[in-house]
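S.K.: We have chain A; now place chain B onto it with these hints.
Sequence order for the protein chains is A and B. Take 941 as the starting number for the first sequence in my numbering and just add one per residue. Take 198 as the starting number for the second sequence in my numbering and just add one per residue.
These are calculated hints, taken from the structure and not from any lab test.
Example chain B residues on the side facing chain A (calculated, C-beta under 10 angstroms, incomplete):
no.: 1; residue: Leu243
no.: 2; residue: Met267
no.: 3; residue: Ser333
Taking lysine-lysine pairs in the BS3-like style, the calculated list, with each CA pair at most 30 angstroms apart, reads:
no.: 4; chain 1: B; residue 1: Lys264; chain 2: B; residue 2: Lys327
no.: 5; chain 1: B; residue 1: Lys304; chain 2: A; residue 2: Lys1029
no.: 6; chain 1: B; residue 1: Lys304; chain 2: B; residue 2: Lys232
no.: 7; chain 1: B; residue 1: Lys327; chain 2: A; residue 2: Lys970
no.: 8; chain 1: B; residue 1: Lys264; chain 2: A; residue 2: Lys970
no.: 9; chain 1: B; residue 1: Lys203; chain 2: B; residue 2: Lys264
no.: 10; chain 1: B; residue 1: Lys327; chain 2: A; residue 2: Lys1029
no.: 11; chain 1: B; residue 1: Lys203; chain 2: A; residue 2: Lys970
Where a beta carbon is used, it is the ideal one built from N, C-alpha and C, also for glycine.
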Amino acid sequence: MHHAMAALGNLVRFELAALVTCFALTVMWKILRGILRPGGMTAFRKKVGDGIAGLLRLQMLAASAVVAVFYLASAPQAAASGALPPVPKQVLLFLAGSQAIFLGAAAWRTLRAFSILRNEGEK
Amino acid sequence: MDNLWKNVVRAAFVLVGLCPVVMVIYFALFRTLTKDYLLLVLGAELAVLLFIFGIIVLYAMATDQIKIEMLISEANGDASMSRFQLLIFTFTIALSFVYLVIIGPGKFPDVPNQVLILLGISASTYGVGKGLQVTSGLISGSSPQPPAGANDPSQKTSDAPPTSGN
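For reference, chain A alone in the conformation it holds in the complex (with noise of 0.2 angstroms):
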């Protein structure tokens, strides 16, 4: 009995390492394809005058690729402990400042578009 509870268990790790791996490539395969369009993200929009926008979808998707990239290097040094590796502060604050410069650039363009329109209305 317990060797066939540690085959099961053996045969839920195979499933679902084999699900997940699939899944990511799949979507992988698709980006690949050009079915899934990431083309754009790091676009200058200079129909509007506004190429720095460009700039800051670029320093986020670094900053989102060097903390995947790190988070990844650590987990085969976690493994013997049982969890997820932990991520430094300093790292959760490097990504919130990206994430928080790219928002706040998305806000002023919104809040730029509303002014515009605002004051073509009162004209």
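M.R.: Then chain B, alone, in the frame of chain A:
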């Protein structure tokens, strides 16, 4: 060909459904039916059923029966940075979790608070970005419409005034 696969899946479900019945009858008639045996059968049944469900969903995604082309796009078809970063962190944590389940000591891995905060930051960015995008759409007076060439790999980028890129 589609019918063949559907029949294969149906047959798999019938077999999986019949297995516990056969096993319980076998143990009841020829061996001692204990709680441990029942738990084992139930666990195996759930594991196989969930795996088959997962495979069906993945197959449907891979063959575009379940469409995920808007997974990292806004409603108007522009690429979405906030959705993409959420996808990155979700896969990062999920793959680390799977790695620990396979390599680790064999117990359910603990999830530290910092990991929850990381996912919270990522999801909050997506939520706020979505809110800003909807607000921008309301301001510009245009409801988001899917682009005509939504499946066109030579896609457009975020050129629309301020509604996109969140």
